[in-house]
Amino acid sequence: MFRGAPHRRITVRRVLLYLALVTCAAVMLFPFLWTVITSITPEGTLANGPTLLVKDPTLNAYRTLFATLPMWRIVINSFAIAMASVALQLITGSMAGYAFARLSFRGRSVVFGAYLATLMVPLQVLVVPLFIEMKLLSLQDTYFSLLAPSMASALGVFLLKQAIEAVPRELDEAAVIDGASHLRIFTKVIVPLIKPSLATVTILAFMASWNSFLWPLVVIRSPELMTLPLGLSALHGEYTTAWDVVMAGSVVSIVPIAVVFVLAQRHIVAGLAHTGIK
Amino acid sequence: MTPTPASFAAARGSDTNNVITVSAQRDSGQGDRHSRQEDTRLHSHGARRMRPGRRGSGWRNAGWVLVFLLPSAVPLLLFTVIPMLASIWVSLTKWNLISAPTFVAFNNYRRLLTDPTTLDYFLHTGAYIVGYLPLVYIGGLSLAYVLDKKLVARSFFRAAVFLPVITSWVVVALVWQWLLNPAHGVVNTVLGALGLGQPGWWTDPNWAMPSIILASAWKDLGFVMIIMLAGLQSIPGDVQEAATVDGATGWQRFRRVTWPMLSPSTFFVVVISLINGLQVFDQVFVMTGGGPQGATQVVVGQIYNLTFRYGRAGDAAALSWILFVVILAITAGQLAGQRRWVTHA
Amino acid sequence: MKRTRTTLAVAAISGLSLLLGACAQGSASQSGTSSQSSPTGDTSSSSSQSSSESSGSSSESSPAASGSDAPADAVTGDVTYMEFSSNGGHEADLKKIVDAFESANPGIKVTVQTLPYADYFTKLQTAIAGGTAADAFELDYQHFVSYSASGALAPLSDVDPAPYKKSLIDAFNVGGKQFALPESFSDVVLFYNKDLFDKAGVAPPNADWTWADENAAAKKLTDKAKGVWGDYQPISYNEFYKVLAQNGGQFFNADKTAATFASPQGIAAAHQLIDRSGTVMPTAADGAGTPDFDTNLFKSGKLAMWHTGIWMFGALKDVPFNWDIAVEPGNTNKASAMFANSVAVSATSKNAAAAQKWLEFLTSSDAMVTARLASGWELPPISDATKLGAYLDQPKPANRKAVFDALDNAVLPPTIERQQEMQDAIDNALTGAAAGHTKIEDSLPAAEKTVTSLLGG
Chain L
108 MFRGAPHRRI
118 TVRRVLLYLA
128 LVTCAAVMLF
138 PFLWTVITSI
148 TPEGTLANGP
158 TLLVKDPTLN
168 AYRTLFATLP
178 MWRIVINSFA
188 IAMASVALQL
198 ITGSMAGYAF
208 ARLSFRGRSV
218 VFGAYLATLM
228 VPLQVLVVPL
238 FIEMKLLSLQ
248 DTYFSLLAPS
258 MASALGVFLL
268 KQAIEAVPRE
278 LDEAAVIDGA
288 SHLRIFTKVI
298 VPLIKPSLAT
308 VTILAFMASW
318 NSFLWPLVVI
328 RSPELMTLPL
338 GLSALHGEYT
348 TAWDVVMAGS
358 VVSIVPIAVV
368 FVLAQRHIVA
378 GLAHTGIK
Chain Y
417 MTPTPASFAA
427 ARGSDTNNVI
437 TVSAQRDSGQ
447 GDRHSRQEDT
457 RLHSHGARRM
467 RPGRRGSGWR
477 NAGWVLVFLL
487 PSAVPLLLFT
497 VIPMLASIWV
507 SLTKWNLISA
517 PTFVAFNNYR
527 RLLTDPTTLD
537 YFLHTGAYIV
547 GYLPLVYIGG
557 LSLAYVLDKK
567 LVARSFFRAA
577 VFLPVITSWV
587 VVALVWQWLL
597 NPAHGVVNTV
607 LGALGLGQPG
617 WWTDPNWAMP
627 SIILASAWKD
637 LGFVMIIMLA
647 GLQSIPGDVQ
657 EAATVDGATG
667 WQRFRRVTWP
677 MLSPSTFFVV
687 VISLINGLQV
697 FDQVFVMTGG
707 GPQGATQVVV
717 GQIYNLTFRY
727 GRAGDAAALS
737 WILFVVILAI
747 TAGQLAGQRR
757 WVTHA
Chain D
64 MKRTRTTLAV
74 AAISGLSLLL
84 GACAQGSASQ
94 SGTSSQSSPT
104 GDTSSSSSQS
114 SSESSGSSSE
124 SSPAASGSDA
134 PADAVTGDVT
144 YMEFSSNGGH
154 EADLKKIVDA
164 FESANPGIKV
174 TVQTLPYADY
184 FTKLQTAIAG
194 GTAADAFELD
204 YQHFVSYSAS
214 GALAPLSDVD
224 PAPYKKSLID
234 AFNVGGKQFA
244 LPESFSDVVL
254 FYNKDLFDKA
264 GVAPPNADWT
274 WADENAAAKK
284 LTDKAKGVWG
294 DYQPISYNEF
304 YKVLAQNGGQ
314 FFNADKTAAT
324 FASPQGIAAA
334 HQLIDRSGTV
344 MPTAADGAGT
354 PDFDTNLFKS
364 GKLAMWHTGI
374 WMFGALKDVP
384 FNWDIAVEPG
394 NTNKASAMFA
404 NSVAVSATSK
414 NAAAAQKWLE
424 FLTSSDAMVT
434 ARLASGWELP
444 PISDATKLGA
454 YLDQPKPANR
464 KAVFDALDNA
474 VLPPTIERQQ
484 EMQDAIDNAL
494 TGAAAGHTKI
504 EDSLPAAEKT
514 VTSLLGG
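Here the protein sequences come in this chain order: L, Y and D. Positions in the first sequence are counted from 1; adding 107 to them yields the working numbering. Positions in the second sequence are counted from 1; adding 416 to them yields the working numbering. Positions in the third sequence are counted from 1; adding 63 to them yields the working numbering.
Worth double-checking, as some hints may not be accurate.
What the hints assert, rightly or not - DSBU-like, lysine-lysine: derived pairs with alpha carbons at most 35 Å apart:
hint, chain 1, residue 1, chain 2, residue 2
1, D, K464, D, K365
2, D, K282, D, K459
3, D, K450, D, K158
4, D, K262, L, K162
5, D, K158, D, K289
6, L, K242, Y, K510
7, D, K512, Y, K510
8, D, K512, L, K162
9, D, K257, L, K162
10, D, K464, L, K162
11, L, K162, D, K459
12, Y, K510, D, K413
13, D, K512, D, K397
14, L, K242, D, K413
15, D, K397, D, K459
16, D, K158, L, K242
17, D, K158, D, K413
18, D, K289, D, K502
19, D, K283, D, K459
20, L, K295, Y, K566
21, L, K162, D, K365
22, L, K295, Y, K565
23, D, K380, L, K162
Treat the hints as calculated values from the structure; they're not laboratory data.
Please take these sequences and the hints and turn them into a complete structure.
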């Protein structure tokens, strides 16, 4: 890229670049480090801000966390709901994206507009009518009710529609010549080519479900169905809060998403590298 | 501390379904690598028009449309659209949730539209967007550009930048309140050492929203980076090389080649950021609770207050529908302008 | 193909989750299980069997679990009880009370649901709106007014007021109907760090102190160089109505048609609250108002005087210095803030009789008194002061008598239906003036006008 540029200039620039990046990374990692450090500080408080050196690091906070809350159950609940939400959004979103990108039908833009419109009313207002609806269907306080609002997402649909639109139609045509139906085109041609966007939807949907608080608060009553944000909220006591335990909870909360991100982001970038045009 | 919920509530976030304020990616466009992509598309369009309707409109298509749309349409209808319609009805009532609602027709709308504080909530929301969007976009794009090059430990840097995205707002708010502490915070210490003024940050009505903007932009940088990275990697290398051969400098290359080819990603980021930004809630709730003295209260913050703290669910619903109209208008305008602003490869 | 396999796996997981959801009805919706509230960690015993648990019948004739020697006409049933005050440390105490009740009443099963206060009313309101409210729930005094006015509470029948403190049982009686029972009360006192007072050679607070004495002492005790502050009193509605009373002001006029707190006495009271900020009291910028700030400051020995509630006794058990309490100084009058929690039966409860029985036990039984006093979990609302002897005998703080002396001049928070809006208006007026963004002479009368308009409902 810098063909012909003097070698010396690259070195200085590169050094500065790395310095900037390291600073940037440090700034980005800082809050997470603070969280971890507070969680291993004995009776860690936020009183004096973060400290780098911990005198007697201890895992007490984690022990208390797992003793106070049924953490395994809570994490499994959150994880199951998030994975189900991801799976459903991937399937429903890519199919709808295909419909909007590839099928022409009367009123297509109106229907797409209606999809987008579902993003434009805040959850705080939808929560009460939705809860009443769940109660009328006798579905309140179930796993299904936790999943219901996130089974499909217009955001995912929009994203995947854009992705599918970018796939050249000649590939579809080629498949049609071979006698493929829409379903085959969708599964064999389209889906493999939109992996990066699917990975993005995965991260999006997982995070939204994992961090969701207001809806589970309203719709869940049984302790067996408790999800992570609800559990962590309960750690805030009436008069005092054990911050080391709260931070331990935050650490536990971050780890699964980090794993999902690391797994998914490889697809976003690698998927691109592998697409050559036939 | 006397037992008021405010002090506890201020330290925690609520629902974070809307916390992702940027989320898009125009797909890699595997086809974009083909430099004659445009021709191909036209060709296939033409081909399609000439070909008898395997995928034309008509009853045959209707079945497929249903097959592909129903899996998403049914849940959306049942669990989003129906509550939305119900909330229209709620907006015509006076309701404190714990007793039966009373019908009041358009009273709520009239009161909200004539109340000067309603405009304040929209102005605060607008201030948030105006500050947040350029910051997070330019920052994310720069990071993507840098982390697109071959660097040592590139994956580590990418992961590090993404870590704030997945950290909860409770923690991020605590960190930023500590960083921006007017008396002992790192930022003000540095500013003081440089001889610059030391703002009151989240304790000052004029600097509270900038505090929220800084924290939000910082948190979401990683996500914009990922999206723009995908967009960057989809730009065919041969087009870049051609420009270099023609003698274009780095900046010229960026402006003339890279930037236009990123426009679909950019467009997407802007559309979704606006839809989400207009409904910003979590960070405001956690960092300032709408304070100091209401200086940072945003529309959805007020909606939350009206529903759950003031017992005025009808007003809340009415306000959210006023917000809906605003979001719809802005989004429609953007989609209409898409043709002009976005260059599809 | 890898894609298909992944899709299949993902579909399998989601299918399983959906199946789980379809069968696993939460246990709370089948009133028949014995799961306790989550933070106690007791759920491990009951968490696995939620769907296949015992007869989910919620009728009155559920067979007694521990022998059927309950008299034929005894009240039976399953009662769900939602509360917040045990969250974060007292769940075990509540469980003791529940266990005692259930052994005394074999036909009634109580299921407790505990939530943190910050989330509690969001949940309660939506539950009532959706018709899934618990049979009985807790309400703090400030919320009681709007809930009783909205018809969400069932009037309790044949309540014997004798066991309760008269002022408390009357507080929850509206128009001759008893809508809730007082559950506990606490008050606010002046905590002080004895060692700091001794070191500075200042006489510690006593019952005769006034604002002037407190302010003078605070000045002498503040040492900014060492990071020691003289005083801390939150600048909020919850302090304001009390200092207003301490200065002889009235919050509302006689027939409660207008707010009158911006009188000269009110302005002076507000000054007492806000003028110390920055001189002898940390400001918001120093961290005031952030969670646990004042607690940590006092615990680290950096705060000489602290206005807070008696619920803090537990948190201060192990601090390394000497501390004690005193009744808060007044100005022209003495006034202390009292907070009371209540418990009520839901208007839509199908087990009102059983619920009421539980509430009566919760609010007046000896088991409850023992549990509360042993762990310092607020005070029982009972009229028999002798039973509270155990409370007075505990060592730290030495001057526990002050807790009850303060009740001689107790002030309950003024409450209206649009309570939260009123509190927000006054909080903003006070904090804005404390930070110097407005003058209290302007912001307080403006708040008064706002509150008067809120009275219209």
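Okay, the hints, checked on the actual structure:
For a cut-off of 35 Å, the pair hint linking K464(D) to K365(D) stands: about 26 Å separates their Cα positions. Of the pairs offered as hints, the one joining K282(D) and K459(D) holds, with about 26 Å between alpha carbons and a cut-off of 35 Å not exceeded. Our distance criterion of 35 Å between C-alpha atoms is met by K450(D) and K158(D), whose separation comes to about 21 Å. For the given pair, K262(D) sits about 30 Å from K162(L) by alpha-carbon distance, which is consistent with the 35 Å threshold.
Our distance criterion of 35 Å between C-alpha atoms is broken by K158(D) and K289(D), whose separation comes to about 45 Å. Distance check on the hinted pair: K242(L) and K510(Y) sit about 22 Å apart at the alpha-carbon level, within 35 Å; holds. The hinted pair formed by K512(D) and K510(Y) meets the criterion: a straight-line CA distance of about 23 Å does not exceed 35 Å. The straight-line distance between the Cα atoms of K512(D) and K162(L) is roughly 54 Å, outside the 35 Å bound, and the hint therefore fails.
With a C-alpha separation of about 29 Å, the suggested pairing of K257(D) with K162(L) holds against the 35 Å cut-off. The straight-line distance between the Cα atoms of K464(D) and K162(L) is roughly 40 Å, outside the 35 Å bound, and the hint therefore fails. Restraint check for K162(L) and K459(D): the C-alpha separation of about 30 Å stays at or below 35 Å, so the hint holds. Between the alpha carbons of K510(Y) and K413(D) the distance comes to roughly 27 Å, so the proposed pair stays at or under 35 Å and holds.
The hinted pair formed by K512(D) and K397(D) meets the criterion: a straight-line CA distance of about 27 Å does not exceed 35 Å. Taken as a hint, the K242(L) and K413(D) pair is honoured in the structure, with Cα atoms around 17 Å apart against an allowance of 35 Å. A threshold of 35 Å between alpha carbons decides the hint, and for K397(D) with K459(D) the separation of about 24 Å falls inside it, so the pair holds. Restraint check: the Cα-Cα separation between K158(D) and K242(L) comes to about 29 Å, which is no more than 35 Å; the hinted pair holds.
Taking the CA atoms of K158(D) and K413(D), the gap is near 23 Å; set against the 35 Å cutoff, the hint holds. Restraint check for K289(D) and K502(D): the C-alpha separation of about 31 Å stays at or below 35 Å, so the hint holds. About 26 Å separates the Cα atoms of K283(D) and K459(D), which keeps this hinted pair within 35 Å; it holds. With a CA separation close to 33 Å, the supplied pair K295(L) and K566(Y) stays within the 35 Å bound.
Restraint check: the Cα-Cα separation between K162(L) and K365(D) comes to about 22 Å, which is no more than 35 Å; the hinted pair holds. Taking the CA atoms of K295(L) and K565(Y), the gap is about 33 Å. The hint holds against a cut of 35 Å. Proposed proximity of K380(D) and K162(L) is supported: the alpha carbons are some 23 Å apart, at most 35 Å.
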